Amino acid sequence: MAVTKNEHGQTNSINQVRYGCAVGALYSVVSIPGAVPIGHCGPGCMDKQYTSLAFYNGFQGSGYSGGSVSPSVNAGEKEVVFGGEKRLDELIKSTLKIIEGDLFVVLNGCIGELVGDDVGAVVSKYQKQGVPIVYAETGGFKGNNFVGHEIITTAIIDQYVDKYTLNKDHREKGLINVWSELPYQNTFWRGDLSELKRILEGAGFKVNILFGGKSGGVEEWKTIPHAQFNLVVSPWLGLKTAKHLEQKYNQPYLHIPVLPIGAQQTAAFIRQVVEYAGIDPATAESFIEQEEQEYYYYLEHFNDFYSEYWWGLPATYAVVGDSTYNLALNKFLVNQLGLIPKRQIITDNTPEKYREAIAQEYQQLAHDVATTVDFVEDGYIVGKLLRETDFGHKPPIIFGTTWERDTAKELKGKIVEVGFPASYEVVLNKSYIGYRGALQLIEKIFTAAISASA
Amino acid sequence: MGKINLRMAEVQNRERRLGTIIAWNGTASDLHTQSSYQQRGSGCKTNKDGCRLCEAKGPFTQGSVCSEQMVECQAGNVRDAVLIQHSPIGCGAGQVPYNSIYRNGLAMRGHKVENIRIINTNLQETDMVFGALGKLKQSIDDAWERYSPKAIFIGTSCPTGIIGEDIESVARKKQEELGIPVIPLFCEGFRSKHWSTGFDATQHGILRQIVKKSTKKQEDLVNVISLWGSDIFTPMFKEFNLRVNYVVDMASVSDLEQLSEAAATVGFCYTLSSYMAAALEQEFGVPEVKAPMPYGFAGTDAWLRELGKVTHREELVEQYIAKEHARVKPKIAELKKKLQGLKGYVATGSAYAHGLIQVLRELDIQVDGSLVFHHDPVYDSGDAREDSLGHLIEHYGEVPSFNVSNRQQYQFYGLLQEVKPDFILIRHNGLAPLASKLGIPAAPLGDEHIAIGYEGIVNLGEAILNILAHKKFHDDLKKHAKLPYKQWWLEQKDPYILAKHPELIDA
Numbered sequence: 104m105a106v107t108k109n110e111h112g113q114t115n116s117i118n119q120v121r122y123g124c125a126v127g128a129l130y131s132v133v134s135i136p137g138a139v140p141i142g143h144c145g146p147g148c149m150d151k152q153y154t155s156l157a158f159y160n161g162f163q164g165s166g167y168s169g170g171s172v173s174p175s176v177n178a179g180e181k182e183v184v185f186g187g188e189k190r191l192d193e194l195i196k197s198t199l200k201i202i203e204g205d206l207f208v209v210l211n212g213c214i215g216e217l218v219g220d221d222v223g224a225v226v227s228k229y230q231k232q233g234v235p236i237v238y239a240e241t242g243g244f245k246g247n248n249f250v251g252h253e254i255i256t257t258a259i260i261d262q263y264v265d266k267y268t269l270n271k272d273h274r275e276k277g278l279i280n281v282w283s284e285l286p287y288q289n290t291f292w293r294g295d296l297s298e299l300k301r302i303l304e305g306a307g308f309k310v311n312i313l314f315g316g317k318s319g320g321v322e323e324w325k326t327i328p329h330a331q332f333n334l335v336v337s338p339w340l341g342l343k344t345a346k347h348l349e350q351k352y353n354q355p356y357l358h359i360p361v362l363p364i365g366a367q368q369t370a371a372f373i374r375q376v377v378e379y380a381g382i383d384p385a386t387a388e389s390f391i392e393q394e395e396q397e398y399y400y401y402l403e404h405f406n407d408f409y410s411e412y413w414w415g416l417p418a419t420y421a422v423v424g425d426s427t428y429n430l431a432l433n434k435f436l437v438n439q440l441g442l443i444p445k446r447q448i449i450t451d452n453t454p455e456k457y458r459e460a461i462a463q464e465y466q467q468l469a470h471d472v473a474t475t476v477d478f479v480e481d482g483y484i485v486g487k488l489l490r491e492t493d494f495g496h497k498p499p500i501i502f503g504t505t506w507e508r509d510t511a512k513e514l515k516g517k518i519v520e521v522g523f524p525a526s527y528e529v530v531l532n533k534s535y536i537g538y539r540g541a542l543q544l545i546e547k548i549f550t551a552a553i554s555a556s557a
Numbered sequence: 012m013g014k015i016n017l018r019m020a021e022v023q024n025r026e027r028r029l030g031t032i033i034a035w036n037g038t039a040s041d042l043h044t045q046s047s048y049q050q051r052g053s054g055c056k057t058n059k060d061g062c063r064l065c066e067a068k069g070p071f072t073q074g075s076v077c078s079e080q081m082v083e084c085q086a087g088n089v090r091d092a093v094l095i096q097h098s099p100i101g102c103g104a105g106q107v108p109y110n111s112i113y114r115n116g117l118a119m120r121g122h123k124v125e126n127i128r129i130i131n132t133n134l135q136e137t138d139m140v141f142g143a144l145g146k147l148k149q150s151i152d153d154a155w156e157r158y159s160p161k162a163i164f165i166g167t168s169c170p171t172g173i174i175g176e177d178i179e180s181v182a183r184k185k186q187e188e189l190g191i192p193v194i195p196l197f198c199e200g201f202r203s204k205h206w207s208t209g210f211d212a213t214q215h216g217i218l219r220q221i222v223k224k225s226t227k228k229q230e231d232l233v234n235v236i237s238l239w240g241s242d243i244f245t246p247m248f249k250e251f252n253l254r255v256n257y258v259v260d261m262a263s264v265s266d267l268e269q270l271s272e273a274a275a276t277v278g279f280c281y282t283l284s285s286y287m288a289a290a291l292e293q294e295f296g297v298p299e300v301k302a303p304m305p306y307g308f309a310g311t312d313a314w315l316r317e318l319g320k321v322t323h324r325e326e327l328v329e330q331y332i333a334k335e336h337a338r339v340k341p342k343i344a345e346l347k348k349k350l351q352g353l354k355g356y357v358a359t360g361s362a363y364a365h366g367l368i369q370v371l372r373e374l375d376i377q378v379d380g381s382l383v384f385h386h387d388p389v390y391d392s393g394d395a396r397e398d399s400l401g402h403l404i405e406h407y408g409e410v411p412s413f414n415v416s417n418r419q420q421y422q423f424y425g426l427l428q429e430v431k432p433d434f435i436l437i438r439h440n441g442l443a444p445l446a447s448k449l450g451i452p453a454a455p456l457g458d459e460h461i462a463i464g465y466e467g468i469v470n471l472g473e474a475i476l477n478i479l480a481h482k483k484f485h486d487d488l489k490k491h492a493k494l495p496y497k498q499w500w501l502e503q504k505d506p507y508i509l510a511k512h513p514e515l516i517d518a
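Line by line, the protein sequences are chains A and B.
Note that the working numbering has the first sequence beginning at 104, numbered continuously upward.
Note that the working numbering has the second sequence beginning at 12, numbered continuously upward.
Take these hints with a grain of salt, some might be off.
When the alpha-carbon atoms are kept at most 30 Å apart in a straight line, the in silico BS3-like pairs for lysine-lysine are as follows [to be verified]:
1) B/Lys489 - A/Lys533
2) A/Lys200 - B/Lys504
3) B/Lys511 - A/Lys196
Okay, the calculated bits of chain B under chain A, using three or more residues with CB under 8 Å as the criterion [to be verified]:
4) 98-106
5) 124-135
6) 165-178
7) 436-445
8) 491-499
Simulated DEER-style distance windows between Cβ atoms [to be verified]:
9) B/Pro455 - A/Lys181: 32 to 38 Å
10) A/His496 - B/Lys489: 51 to 57 Å
11) B/Lys511 - A/Gly223: 30 to 36 Å
12) A/Lys497 - B/Ala118: 23 to 29 Å
13) B/Lys489 - A/Gln367: 42 to 48 Å
14) B/Ala333 - A/Val184: 56 to 62 Å
15) B/Arg63 - A/Lys456: 52 to 58 Å
16) B/His512 - A/Lys276: 51 to 57 Å
17) A/Lys512 - B/Pro455: 26 to 32 Å
18) B/Glu345 - A/Ala557: 38 to 44 Å
19) A/Lys189 - B/Lys489: 35 to 41 Å
20) A/Lys512 - B/Glu325: 47 to 53 Å
If you're looking for bench data, these hints aren't it; they were derived computationally from the structure.
Everything numeric in this text was worked out from a predicted model, so none of it was measured.
We treat Cβ as the ideally placed atom computed from N, Cα and C, and that holds for glycine.
Isolated chain B, as found in the complex (with noise of 0.2 Å):
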C-alpha cells in the first residue's frame, strides 16, 4: 500500500493502488486468502504491479459501466456545483439517468427538487483534429453566467483523452479568473477497467480543490460518505449528539469544504468511501472509523463501537446498542418465521455484497452464492479492520459460490442455475431483467442505505417479502420469454469456461 498522493491531478486507479479485478470464479474464503489483506495492507509487493491476483477474463464481455458515469452521479450531483462533461455528446446521455437519481434523491432528503447541473461541451469531428479548449472555456463560462456556482467540476473523456487536452492548464486558468475552485477529474473510460475508480477520482479532486486547510475542529460532526439514499443517519446520531455531513451526493460546497473539521469518517460501503475516508485522515487527521460495515448485529455492534470511541461517546453507543437490540430482536424473530426456507442471491458492488450477504444471513436466510461487480483485494487505509470480505467469512460463514463478474449477464445465468435462488437483491442496472426471465424477483436496492443498521435487518426482510409476491409475474414471464443465449451456452456448467479455455471459441 502506498500513501495517497494528492499533489497529482490524476488519481491513481484502482487496479494500480489496491489491485482490483473485475473477474474471478472459486469461493468466498479462497478469494479472501488469495486477497492476503493483511500482507497487502502492509505494503507488500511480490511484483511490479503489486501483489496479483489471477483474473478470470475471457473473450467475450457485455457492455458494462465507466468512471466517467460515476463521476456525473458524484460530482454531477453535488447541490451548488456545475459539471461539465468534456466529450462528445454521447456521454451527455448520462445526464438523463443521473438526473432522475438526482431529483429522487434531493426529495428523499428534503431539498428543493431541480434538474441537475451538468454541461456537454459537445465535441465534433473538427475537434477531434484541432482540439477544442476554446470550447472547455466556453463551457465554463456558461456555467458561470447560467448558475454562478461554487466550484465547476470538469470531466475528462475517452476522445479527449486520446487527443491529449490541456485540461488542467484551462482550468488553472479559470480557478484564478472566476476565483471558485476549477476542479478536472481524470475519468477517461478506457483508464481503469472498473467504474469505481470514478469515485476516487470525484474525491481525489474535492480532497485536492475544495476542502479546506484549516485547522478548525467541530467535535460533534461526522462525514458520513454516501450516495443519494434516505437520511437514517440523522436521527441515529443524534442519540450520541453527533451532527451528520453528507458527501458526495447531494453535499452542498460548503459541506464539502468541511471535510477536514469533522471529528470522524464513516463510510456505509468501503468501495465508496475508502479513498476519501483514508486521505481525509492522511492530509488533514481526520480519523476514520475502521470497522466492518454497519450490516447485521456483529457488523453494526462493532461500527458503533468503533464510532464511540472515536467520537468519545462510548456510554452513548453501548445504551444505543441495548436500546436497539432490544427493539428490534422480536421484529426480527417474526420476520425470520416468514422468510424461513429461503434462498437469497446477492448481486452488487464489492463490499456493499459483504454488508447485504451479511443481513441475509441474519434473517436465517441461505446465502450460498453471491456476484461482485469486482473485488478490491484492499481498502486505502490497509487496516485490517475494513477487511469486509474476512469479517464476512469469519462471523456470517462461507459463501460457496462467489464470483467477481463486472455485470456480465450471460455469466450470470450460469450462476443462477447452480444456486437457484428464490430471489436477488441487486443494484445497477442489467442482471434482474435476465433473472426475471427465469422466473426469479429481483429487490433492486436504489435506496442504499435500507439495509444498514439494526433497523436494516427489519427493512431487508420486509423488502424481500414485498419482492417475493412479485414471483407471479415472473413465472408468467418464464413461460413467454425468449433468451439471447445459445443452446451450447445455456448448457455450459461452468460461466468462466471461455476464460479459462478460450480456445473453446474456435471450435
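Chain A with its partners taken away, still in its complex shape (with noise of 0.2 Å):
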C-alpha cells in the first residue's frame, strides 16, 4: 500500500519521537500515589517507557512504583506461542504478596493483545476476590500515551471508582476533579499541578488533583463522584475522561482549554471557573488581588531589565510542544512579554476533531495578534519547518524539546526545553504556570537569552 504525504511531506515516518506509547501511561498509573502498574508486555516495554518519560524527560524519576519496581510479565516465546494468561496470573498473585500497593493497573501491550490473551478474564478473578485492581488494553499499536492516559482513567473510573465509592449519588459544592496535564510527558507537570490546585483552593473551591505529591491518592481518587463537576484544563486531553464521568454520573464538566500562566490569564481562569461553579466570588477576588500584589511587585523591579538591558533580547519566538503547553505559552508570551509568535507546532497528535478549535485560539492569542498552528509529529518536519521561518534580524527563543537544540544552534537561537524530551534540565517541583510558574518562566527564558552573551 502506498504511503500518501500530507501538506508538510510527513508520511508514516516518525523521528524524534515526542511522546510515547499507550502502555507509556504506565507513568499516569505511577503518578497516582499508591497505585502500581503491573506490564503485561515484553521485556522492553517498561523501561523504554521510564528511560524516556521519567529519566532522560527532566530526570523526574521513577518515584514509588516506575522504574525498576514495575511489575512485568517479560513476554518471552514461550508466551508468543502459548498465549501469556497463565504467566500473567502468576505474576499478579505473586506481586500481591510483593509489593505494596493500594490500586494495581494491569496494562496489555502489543504481545497480550497480538496473541489475543483474555486480560480481563484474569484480572477479573482477583477483582471478585476483592483485590483492588483494574486492567486496560493500552497495546501500543492502539496510539500514544495521551491516549493510553484516558484509557487509564476509564478503567479506573469504571473497574474501582464505581465499584468502591460510597453514596456516588452524593455531590460536594465546591469539589472540582482536574483533568489537565499528562503526567511525566509534561516535564513540568508536577510543579504545575500543584500550583493548579494552590490557585484553585486560593479561589475557594476543594480539589481533586488526582495526580502527583499533591494529590490524596486511590482515596481522593474514589471522590470523584462526588465533585460538583470536572473542570478539563486543556485543549482537548481529559475531555473524553469528562464526558464518560458526565454519562456516568450525570457530573457536567467546564472545559477551559488554555492553561492560565501568568496574572491576566490566570485571574481570567479563576474568574471562569468561580462563575461555572456558582459560589461566592469574594474569596476568590481577594485571593487575585493579593496574588496581583506579588507578582507585579516583581514585575516591576524585572523591568528595568527588560526595558534597559543593553545588549539585545530576543524578540520572536517559536512553540514546538503538546498542544496544552504550547497554547499556554503563547497566550502568556504575547499578552504578558509582548514577544513575537513566528512558528507555531503541536506534536502531540491532536485528534483530529479537536484540531480546529484550537486553531481557532491561534486565531485570537491578543485583541491585536494572531497567528497559525502546525500539527506535526514528525522531528524531522518539526525542524524544517523552523529552518523555513523567517525570525527577522535576531535570533529567536525555541520553547521546544531537546530535539530542538541543533535547529536552536543552527539558528543561533536560544533553546529553552518546555517538553517531552527535556533531556537538559533538571526539574524537581518547577512550574511554569499560575502566578508563581509565571515568573520562574520569565527567570528561565531571560537567563537562557543573556547567558551566553559574553
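Two chains, two separate frames, one set of hints: put the complex together.
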C-alpha cells in the first residue's frame, strides 16, 4: 500500500519521537500515589517508557512504583506461542505478595493484544476476590500515551472508583476534579498541578488534583463522583474522561482550553471557574488581589532589565510541543511579555476533531495578535519548518525539546526546553504556570537569553 | 560450541549459542564449575539445548530491557547510517535515552554533536491486520531522502515478529535500488530472554552486509569493540605504533567496512565483543586477542602481552608495562590508604562485572557480593583464555555472594542486606535508586572505559572517593523514603526463595 504525504511532507515516518505509546500511560498510574502498574508486555516495554518519559525528560524519577519497581511479565517466545494468561496470573499473584499498593493497574501491551490474551478474564478473578485491581487494553499500536492515559483513567473509574465509592449520588458543592496536563509527558506536571491546586484552593474550592504529590492518591480517586463538576484545563486531553463522567454520574464539566500562565490569564481562569461553579466570588477576588500584588511587585523590578538591558533581547519565538503547553505559552508570551510569535507546532497527535477549535485559539492570541499553528509529529519536519521560518534580524527563542537543540544552534537562537523530551533540564517542583510559575518562566527565558552573551 | 553462521539473516540467540542464563544464586566458583567453560568451549552437548545451567527463575519479575534497545544503542549510534524501527511508536520512545547517550558520546569523542538518526515506522492497529511493508518501504525512502546515509539498518519489533512481516525481501530490494547496505536486524524483544542478544543482532548484520570481503590488511590497525566510552585506547596504542578502529558506537560506515583489514580485534567486555570478534576471526581471518580482560594488573598485563604477540610488538608492550607499573603504583598506594576498610559491590553486565571486581580487589576493597544481569557460561571463541569468571577467581579469589538477576530490584534488596556494602558500582538504571534509599551511594559508570588498564585502577579509586561523599545525601533520604515492598518480602533472607518455592505465592 502506498503511503500518502500530508501538506508538510509527513509520511508514516517519525524521527525524534515526542510521546510514548499507550503503555507509556503506565506513568499515569505511577503518578497516582499508592497505585502500582503491572505490565503484560515484552521485557523492554516498561524500561523504554521509563527511560524516555521519567528519566531523560527532566530526570523526574521513578518514584514509588515506576522504574525497576514495576512488575512486568517480560513476555518471551513461550508466551507468544502459547499465550501469556497463565504467566500474567502468576505475576499478579506474586505481585500481591511482594508489592505494597492501594491499587494495581494491569496494562496489556502489543504482545498480549496480538496473541489474544484475555487479560480481563485473568484480572476479574482477582476483582471478584476484592483485590483493588483493574486492567486496560493499551497495546502500543492503539496510539500514544495521551490515548493510553484516558484508557487508564476510564478503566480506574469504571472498574475501581465505581465499585468502591460510597454514596455515589452525593455531590459536594465546591469540590472539583481537575483533568489537565499528562503526568511525566509534561516535564513540569508536578509543579504545575500543585500550582493549579493552590490557585483553585485560593479561590475557595476543594480540589481533587488526582495525580502527583499534592494528590490524596487512590483515596482521593474514590471521591471523584462527589465532585460538583469536572474541570478540563487543556485543549483536548481529559475531555473524553469528562464526557464519560458526565454520562456515568450525570456530572457536568467545564472545559477551559488554555492552561493559565501569568496574572492576566490566571485571574481570567479563576473568574471563569468561580462563575461556572456559582460560588461566592469574594474569596476568589481577594485571592486574586493578593496574588497580583506579589506578582507585579516582581514584574516592576524585572522591568529595569526588560526595558534597559543594553545587549539586546530576543523578540521572536517559536513553540514546539504538546497542545496544552503550546497554547498556554503563546497566550502568555504575547500578552504578558509582548513577544512576537513566528512558528507554532503542536506535536501530540491531537485528534482530528479538536484541531480546528485549537487553531481558532491561535487566531485570537491577543486582540491585535493572531498566528497559525501546524500539527506535526515527525521531528524531521519540525526541524524543516523551523529552518524555513523568517525570524527577522535577531535570533529567536525556541521553546521546544531536546530534539530542537541542533536547529536552535543553526538558527543561532536560544533553546528553552519545555517538553518531552527535555534531556538537558533537571526538574523537581519547577512550574511554569499560574502566578508563581510565570515568574520562574520569565527567569528561565531571560537567563537562557543572556547567559551565553559574554 | 558451534561455528558462527553468517548465512542466516537472523542471529542465533545467546541462550542457544552460549547457554546464557538470567537467574542464578550461589558463589562465583560454583557458577564457574557449573559453567564448565573448557568443556563447553570444546563443544560438549549434554542435552539438546547444550549443557544447560539450572536457572533460578520465579513467578515474580520486574520490567527488564530488550534486544531492540541494544540495537538502538549500537546500530542507532553509527554516525552516517540510519536505523529504522519497524514498530509501533512505543519502541520509538527509546530514541530519547539513546539520543542523550549519543550526543554525549559524540562530545566525549570529539565528533560534531547532533541528534541520533532513528526513524520509526509508526505502526497502527490496521497495520497489525494488513501488514505494513508499504510503510517500511516509505521509511527507507524517507531515510534516504533526509540523510543520504551510507547504510540503513532495520530493527524488528515484537509486533512485526508476531504478524510475520517479510522484512528481508524489502531490505534486499531496497539495497539493490539504493546501492547501499540495507540491513535487517532481528531483535524482537520476546526472542531472547537477555538483551545482550541485541548486541549480537547488530554485529551479525554488520558482518553480513557491511564488512568488506577484501584481503587487503592494515598491519597497524586494531579493532576495538566498545560503546561510547572516552578515548583511552588511542594514546595507549600510540605507544605501540598501533591505530584504533572503534566499533560499533560512534563508528562511521567506512570504519565498519575496514573491520576485516585490521591486524587484531580487542574488546573491553566479552559480553559485548564476543560475537563480532569471533566472527571476524572465523570469517575474515582477523585474529581476536584472546586474553583476560584489561582490568587490574594481572588482567591488563596479560591482555597487553597477548596484544603484543598478535600484533608483533612484544618489546614495545614490555616497555609500556614496566613504565606504567612504575607510574601508577605510588598513586594506587596513596588511594589504598584512603579506601582502607571499605566494602564494595558490583552490579553490571556479566563480563564487565568480572573486570570491575578485579579492579576493586586491586585497591584492597573488600568485595563479598556481586549481581550480574546475565551469565554467559562461555564466549563465542570457546577459548579458555577468555574465561573471565575463571580468571577473576584464579587471580583475585572467590566472590561468596555471586548472583545472576536480570535487573530485578526486589532481589537486589535482599542481596544488599546480605552483603551490606559501603558503595556499589553500577551500570543500567533501576538498581541505584533502591540502594540510595538504603543509604548506599552508587557510582554509575556511564563511561565504560573508566576502569580499563592501569590508569583505570586510579580512575576507579578516585570515582569511589567522589561518590562516597554523596553518602550524606543518601543517609538523609534513607530516613524519609518508603520502599514499595511488603514487610513479608523485606524479611525474607533468600532473594531467590520464590524461584525455589513458587508455592509460597499461594500462601
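Take the C-beta atom of lysine 511 of chain B and the C-beta atom of glycine 223 of chain A, compute their distance, and say whether it sits inside 30 to 36 Å.
Holds, since lysine 511 of chain B and glycine 223 of chain A (Cβ atoms, about 32 Å apart) stay within the stated range.
Within 35 to 41 Å: is that where the Cβ-Cβ distance between lysine 189 of chain A and lysine 489 of chain B falls?
39 Å, holds
Check the following: the C-beta atoms of histidine 512 of chain B and lysine 276 of chain A are separated by a distance inside 51 to 57 Å.
55 Å Cβ-Cβ, so the 51 to 57 Å window holds.
Residues of the segment 491-499 of chain B with Cβ under 8 Å from chain A, three needed, outcome:
With 5 residues close enough to chain A, the hint holds.
Check, residue by residue, whether the segment 165-178 of chain B contains three or more positions whose beta-carbon lies closer than 8 Å to a beta-carbon of chain A, and give the verdict.
As far as the segment 165-178 of chain B goes, the hint holds, because 6 residues have Cβ atoms under 8 Å from chain A.
Alanine 333 of chain B paired with valine 184 of chain A, Cβ distance criterion 56 to 62 Å
58 Å, holds
Alanine 118 of chain B and lysine 497 of chain A - C-beta distance against the hinted 23 to 29 Å:
28 Å, holds
Is the hinted range of 26 to 32 Å satisfied by the C-beta distance from lysine 512 of chain A to proline 455 of chain B?
Once the Cβ atoms are compared, 28 Å apart, the range 26 to 32 Å for proline 455 of chain B and lysine 512 of chain A holds.
Quick check on a hinted range of 47 to 53 Å for lysine 512 of chain A and glutamate 325 of chain B, using CB atoms only.
48 Å, holds
Verify the proposed pairing of lysine 200 of chain A with lysine 504 of chain B, using a straight-line Cα cut of 30 Å.
16 Å, holds
Checking one constraint from the list: CA of lysine 511 of chain B to CA of lysine 196 of chain A, max 30 Å. Satisfied?
Holds, at roughly 16 Å.
Tell me if the beta carbons of proline 455 of chain B and lysine 181 of chain A are separated by a distance inside 32 to 38 Å.
33 Å, holds
The structure shown violates none of the earlier numbered hints.
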